[in-house]
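Engineer: One-letter residues, chain by chain:
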Amino acid sequence: MELEELKHIWKQGEPFQPKGEAELASMLRGTSQSIITKLKRSVWFELLFTIGAGIALFVYALTLPSGALKWTSLSILLLLVVYSFYFIKKLILLIRFDTATTDIKSNLEKLYLTLSSYLKFYKRSYTILYPVYFCLGLLFGALERGTAEFLEALGQTKTIVYLIFVAALFFFCSTWLTTWYLKKLYGNQMDKLRDVLYELKQDLPAA
Amino acid sequence: LANEEEKRFITLINENQGLIHKVCIMYEHDYDARNDLFQEIVLQLWRSFSSFRGEAKITTWMYRIALNTAISGLRKHTRNVKTEDLREVHFNISEHYYADEHEEDFQRLQWAIRQLTEVERAMIMMALEEVPYDEIAETIGITQNNVRVRMNRIREKLRKFMG
Chain A
1 MELEELKHIW KQGEPFQPKG EAELASMLRG TSQSIITKLK RSVWFELLFT IGAGIALFVY
61 ALTLPSGALK WTSLSILLLL VVYSFYFIKK LILLIRFDTA TTDIKSNLEK LYLTLSSYLK
121 FYKRSYTILY PVYFCLGLLF GALERGTAEF LEALGQTKTI VYLIFVAALF FFCSTWLTTW
181 YLKKLYGNQM DKLRDVLYEL KQDLPAA
Chain B
1001 LANEEEKRFI TLINENQGLI HKVCIMYEHD YDARNDLFQE IVLQLWRSFS SFRGEAKITT
1061 WMYRIALNTA ISGLRKHTRN VKTEDLREVH FNISEHYYAD EHEEDFQRLQ WAIRQLTEVE
1121 RAMIMMALEE VPYDEIAETI GITQNNVRVR MNRIREKLRK FMG
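Protein chains in written order, with our numbering: chain A, 1 to 207; chain B, 1001 to 1163.
Hints in this document: simulated from the structure, not taken from any laboratory. One or more hints might be untrue.
Claimed, not checked - In silico DSBU-like links for lysine-lysine, alpha-carbon gap of 35 angstroms or less:
(1) B:K1007 / A:K184
(2) B:K1022 / A:K105
(3) A:K19 / B:K1007
(4) A:K89 / A:K38
(5) A:K184 / B:K1157
(6) B:K1160 / A:K201
Go ahead and model the full structure; you've got the sequences and the hints to work with.
Structural biologist: Here it is in structure tokens:
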């Protein structure tokens, strides 16, 4: 079957229902469903929520008398500040990818790079944050039991072995969970992009 | 309509909406998904409309954005279209249309194109729309020679699929 014959069939093709100008105009007010836009939207939401929660927590901490609760609130506040920077960095990574105006190959390469660096940053930051959570857990344990009693318990071999075991388990489970979660959310998209790019990069010899 | 630029854009889309419809037919299976893709393409075109300076032909610019949007998006439906049987297509034709011979040929061609990869679909679609090879190469981001070789293979595949 020759191309001309295929063109002839193609031109007899399925008629479409043209969209009116009003409908087209209303489409411009819609929200994009592209993966980058969706990610940007969710990061903006997380950032605004973190800032809001941080301000509320700060105001609450100011009303507290000095003590365990105040220090706990302030340490959480510190975490929220770190999170805000984390979300800003994520946004910067995503904003680098603009609307697809380049050729398909360059655009897909750019999208793949953007998503890869976003996911790498996501994973790395959680790898750093989980030990922070663990140390905060220890700190709260110390505050709860009393520093002297806690330090005494910490000197015992049994407690040290127990803590190392819990830290290893916590680190393993959280890393596994992050990897699984990212693969579940973006795995298919990344696989598809990799396949299409592989196909585009193949330099085919003349038949 | 809000402003002059929006008016110009709507006129442009109105004149070339057949191109967007065809991309949607190539990449989406059902009516709702096609409508979603249509809207997404219009949005992406609108976002880059202000930066379009006319260096490329308007249709090349539209193909580039429409195909980028279709290929980089993840299909919502989990069903693999490659598993769709030609008999199923024939069933759909006889069920929903009083198909004449041309319509049946078109459905068979559509089915055969769906068996191709997403990049191959983009290339054959442009070729069927009489887009010259240098513009196809520019849109896809490969050499003209590569386009020629790939087009030969695509034709072979279509010949096989269509019997």
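Engineer: Please go over all the hints and tell whether each is borne out by the structure.
Structural biologist: The hints, checked one at a time:
no., hint, result
1, B:K1007 / A:K184, "violated, 42 angstroms"
2, B:K1022 / A:K105, "holds, 21 angstroms"
3, A:K19 / B:K1007, "holds, 15 angstroms"
4, A:K89 / A:K38, "holds, 16 angstroms"
5, A:K184 / B:K1157, "holds, 34 angstroms"
6, B:K1160 / A:K201, "holds, 25 angstroms"
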